[in-house]
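Residue numbers (the working numbering), protein chains in the order written: chain R, 1 to 295; chain Z, 1 to 277; chain E, 1 to 268.
Because the hints were derived from the structure by calculation, they are not lab data.
The reader is advised that the hints may include incorrect statements.
[Said to hold, decoys possible] Chain E regions said to be covered by chain Z (calculated; three or more residues, Cβ under 8 Å):
(1) 138-152
(2) 158-164
(3) 202-208
The C-beta atom is built at its ideal place from N, Cα and C for all residues, glycine as well.
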Amino acid sequence: MNRLLVPVFAPGFFTSGPVHTALAVGTAVAIVCGAVGVFAVVRGQSFAAETLSDVGAAGGSVSFLVGLAPLWGFLAAGAGAATVMELIGIQRPRGRDLAAGIVLGASLGLAALFLYLVATYHGTSGATIGVLFGSLFAVDPSAIPAVVALSVVSAGLVGLLQRPLLLSSLSPDLAHARGISVRFVGAIYLLALAVSVALAALTIGAILGTALLIGPAATALRLTRHPGRAMLLSGAIGVLAVWAGVVLSYDSYLWPPRGRGWPVSFFVVASVLVFYVGSAVFARSRHGRRSAGRS
Amino acid sequence: MSSPLLALEKVEARLGGRPVLREVSFAIEPGEFTGLIGSNGAGKTTLLRVILGLHAPTSGSVLIDGRPRARRAMPGAVGYVPQKFLLDPDVPLRARDLVGLGLDGHRLGLPLPSRDRRERVEKALAAVGAESFADARVGELSGGEQQRVLIAHALIGRPRLLLLDEPLASLDLGSGREIVSLLHRLSRAHGIAVFISAHEINPLLGAMDRVVYIAAGRVASGSTGEVVRSEVLSRLYGQHVDVLNVHGRVIVVAGEGDPADPGADFKLTHADARTAS
Amino acid sequence: MFSGVMVNAWVAGSVVAVVAGTVGFFTVVRGSAFVAHAVPNGSFAGAAAASLAGVNALLGLGVFSLLSALGIGWLSRRGRPDVATALVLTFMLGLGALFLSFGSEYEPQVYSLLFGDVLGVSSRELVPTLALGAVCVLVVTLVLRPLLVTSMLPEVARAHGVSVATMEIVFLIVVALATTMTVPLVGTLLLFSLMIGAPAAARAVTNRPLPAIALSVALAVATIWIAIAAAYATGFPVGFFVGATSALSYAFGRLWRAPRRGARPSRW
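This is chain R alone, in the form it adopts within the complex (with noise of 0.2 Å):
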């Protein structure tokens, strides 16, 4: 058995700490962002984690600033524009594109700003791949049990809400009668979705987040209708990712440069588009012909 783990796991992974952290966040991030992610592509919102994405980067770059862990920093932007965006309702489509680039424009200016200023008067380094493109290795093991708290209260949260939220995402009109809040309902599924951007922030970065948000639930979905199955199914998918990510990662530090190790993330997003794309050519095969779309 050791002989076939042995080309798969460089030595010392399964001890090493930093692999226990990432392994630990990085799973607990992949099953909320699974959760969570369903009703993103299923609302159609994934333009808004986007924004609450890129804003984040805002934030991770003040805490840098400051000298708080980046997980606060991409939390509070991230809450705070997600209330902004409750407030003057991103339900209204027109022109919603064109205001959300401007904030996510703005926002990362700022993030622009920061780390700028970070670099200058900290002299830090490592703030902008850190923010921007995650160091899930870098993570503090301290860290671990409020990551595991907010993944669990986010997914609680969607898992309990499951049935209102898919009724008033598909019809908000047949949600309103059956005497479902759709305002409320949406309020809440916007805070899960912004504590999830965050984590996935955490995970693999700001500008990358987003991949592990809605790579696995679409993939999930393509594979199946129901929103329940899709949401298990899609977490599994995020876990397997995140997980082949890491190991691949720490296998890469006896690859070619020298010792330094592929990115975490690039790993984590290409298995992320790996598997969507297998779940569309094994859709496609399942259906035996090609799809007629052209009318």
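Since the structure of chain R is already known, use the hints to place chains Z and E on it.
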């Protein structure tokens, strides 16, 4: 004998695998005002798209001035007023600009301002009564106003045939009546053939020279007196249909009786409609 | 501030702004904000690859921008593109990070590619940048009217015989060229702001298409000039000023239009 302006001969068309037009044949003479009447899903929009060259028929021919319709739409010969036209109020385009694009929207290169162009735009706007809102944004106009601007846009190229896809659908009765009388006036004044689709025949009754009634992809064409009759429409719909004339308006209702299967040899042409007793 | 290496910044910046203002206008009118956001992500990987290979960054940017733009167009014609496109482009970002991680200046390079660099247009890149700018302006001038018609009135355009599909491809190519030129100065993450802030304001101020394009260009140029000057004076990144100025332009446009909304002259 000059050939008709527009002639369809046994046109068949499919949409998403389903047959939408079956053996459609009719002709329009120059200057005629023709209504294309049918309910939603009967095939009106597809028929218009086939005439415009935007949808290829699976068989049959479309002749404009006796010549087969080119695969790609030709600017100038046929004017088109589309059905759905929800322009974003944020888009910077005045009514005047939209009409101008009807003249040269397809030309490459920089638009050179010319007096001739300006005058033609002014004339087109005046013809549809749009002078008062010519400088307003198209996206901010009311439905009726937008309709007028679109008509001006289609007319400025001096087409001989004007196609309108359900222009009355989103208008109130008053505005609809104004649009129909405007089109009638323009048709008479400039000898333009008008082909206008609608799901209600009454707003067009006073203006039509000819009607093409479409149901389930089949058509019956002729004058209103010839086509809008119980016998003809019953055969077209494949079930018993009553046509009632009340104060000069027409009411078409489904009647009692067994729905009849049209059958494979069901054809209604000019001749049939006239001889149907 | 106007001598030496800064000359490149001013010259290139002005050309970049003209192109960004023009291309951005069509992006906004076509509702293709997504494209303007996505293509730069793809170009990031190209620039990283070029840096790794020791080749002119513009080459890497150009090739990957073009591939991304056309890829997006191809995918969107197949229906349900959003997720696939988003995932591929995020992957491109990750790929770019990977390439840069092989190099020796990982962090500074990531930073300047993402957020821009006032000195980002070197002398060796100046002439190609100007050439690209000239090509973009020429192409847009040539297809101005068909592009306008297909952007604003696709149904009607088809009836006129203008090929909507062809114009879409032309548009995507121009976006790719604009991206290539703009990234070294403004960065992939902030390019989007430059391209949409100015047009969003311009279209709020004027009703007419051509003046709107001109105003969009003017605002974009103003944005770049302010950003370059401020970046030079404070040392803060040029991308920050681009983002901030664009946001202000957009806000100005919204406010300008706000009191007028709903107040139309009375007609029947």
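>> Could you work out which of the previously given hints the structure breaks and list their numbers from low to high?
In response: none
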